Amino acid sequence: MRSLQLPNKASIPLDKDGYLRDMSNWSPEVAEQLAAAIPITLTPAHWEVLEVLRAFYQTHGISPATRPFVKLVARDLGSDKGRSIYLMKLFPGNPALTASKLAGLPRPSNCF
Amino acid sequence: MSTNTAKTITFITRSTPYGHGQAKACLDMVLSAAVFEQKINFIFMDDGVWQLKKGQAPSHIDAKDLSAAFTALPLYEVNDLYVNANDLQERGLNCEELVVPVHSVQANTIAELIRESDVVFTL
Amino acid sequence: MSTLHTINKTSTHSALSSCLKVARNGDSILLIEDGVYASSQLCQSPLEGVALYALHEDLLARGLDASTLSGTIKTVDYNGFVDLVCQHQRCVSWS
Amino acid sequence: MKLTVLVHSAPYSSQAAYSAYRFSASALAAGHEIYRLFFYYDGVHNSSLLSTQAQDEFDLIAAWRTLIESHQIDAISCVSSALKRGILDAQEAARYEKPASNLAEQFTLSGLGQLVDASIESDRVVSFGG
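Sequence lines, in order, name chains A, B, C and D. Here our numbering = 1-based position in the first sequence + 5. Here our numbering = 1-based position in the second sequence + 229. Here our numbering = 1-based position in the third sequence + 2. Here our numbering = 1-based position in the fourth sequence + 8.
Since the hints were derived computationally from the structure, they do not count as laboratory data. A couple of the hints might just be wrong.
Heads up, simulated DSS-like pairs for lysine-lysine below, C-alpha to C-alpha not over 27 Å straight-line [to be verified]:
#1 B:Lys282 <-> D:Lys106
#2 B:Lys268 <-> B:Lys282
#3 B:Lys293 <-> B:Lys283
#4 B:Lys293 <-> D:Lys10
#5 A:Lys76 <-> B:Lys268
#6 C:Lys76 <-> B:Lys268
Model, not experiment: these values are computed from the prediction.
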């Protein structure tokens, strides 16, 4: 089984795609370690997006797919940040997939 | 896959939120269709109107809150939710008791929506 | 722009009553599976401009005699079901 | 015509999956194309290799498999419905570290997007279930 080793020796189980198997294992430290594996160094610009995502999941129970993710960031952080190019720079690959992984959320379905 | 011409896809959901899995299955279909940028109508009929009732706390039965997802639909550009007014009334519900603003409509309007649809799913 | 409605439940379910609320002139209703049990009720209150059909195989399976159905309900076999789907712009299944 | 058939009931629990099979077979015999068969919700049970019938009962799953194979139909079982109901292909079994896989080889696991795509690409969508 894949897992994430934290500096304090704790081992967090991951699925084959690198998502947390148990969402309750998430902590900012876990996010940092997941990011380091990509590799991404989390900055305040990353964190504000991850916080928006976590709040959205908390309220609605959904990991947003790409287009709703961009719209969500635009709604909560402003239209200069709610753009694919901006989010792609922060979260390379598919931003909705990468960001939901770092935020400790389930994999969004129907994400291309 | 092609998205060059948007089709109108109508979803009619007629079952309760937690007693059966159909309500969740229908919502998942709606969210998927929305990702394809199609024109979507989401219609609640019969016992399906119970899905919209405020105050659901399904954590008591270890279920996810279906109604919480409805409030996220505008982000998916699903803005047209319809309920059959009679079905709401028969169950002693009114629009103020619903988690999201909906169009409360007569059967005639639903008939029109069906006629304007390319595809209709009922679940 | 007509619609084919299929119904697969007896008349005690809301499938039939809900379908009847939204079926309009030019539409067709096809009774399949347990829906064929509703064929006798529908004879009594045909909707204006809505054609009624029942699936032959499902009638026979349930001991319902197609020859006793009123003239308002036609029977079709599975080939007829396929033709009905093609003749209408869309299909709504009520269950 | 290009048809898509959606099946959302399990075989044997109701007649719906059987009806879907008879409809599909008739449509093909009449010269229509089945763009996609999509098995959703409880319908994914139609794709289980392990389903076993008594000798004197109609083997719906075997019938589906023959139909799909002889007409080279794109048959998809919804992956999220399937995983929940214990229908896995070898790849998903490995991903989730499960001891076996049971998806019949005539079927493919994929997402709901395939149903939406089929809705866009087909002339008609016919649903069976409940």
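Notebook entry, point to check: Hint numbers the structure violates, sorted upward?
Noted result: Violated hints: 1, 4, 6; rest satisfied.
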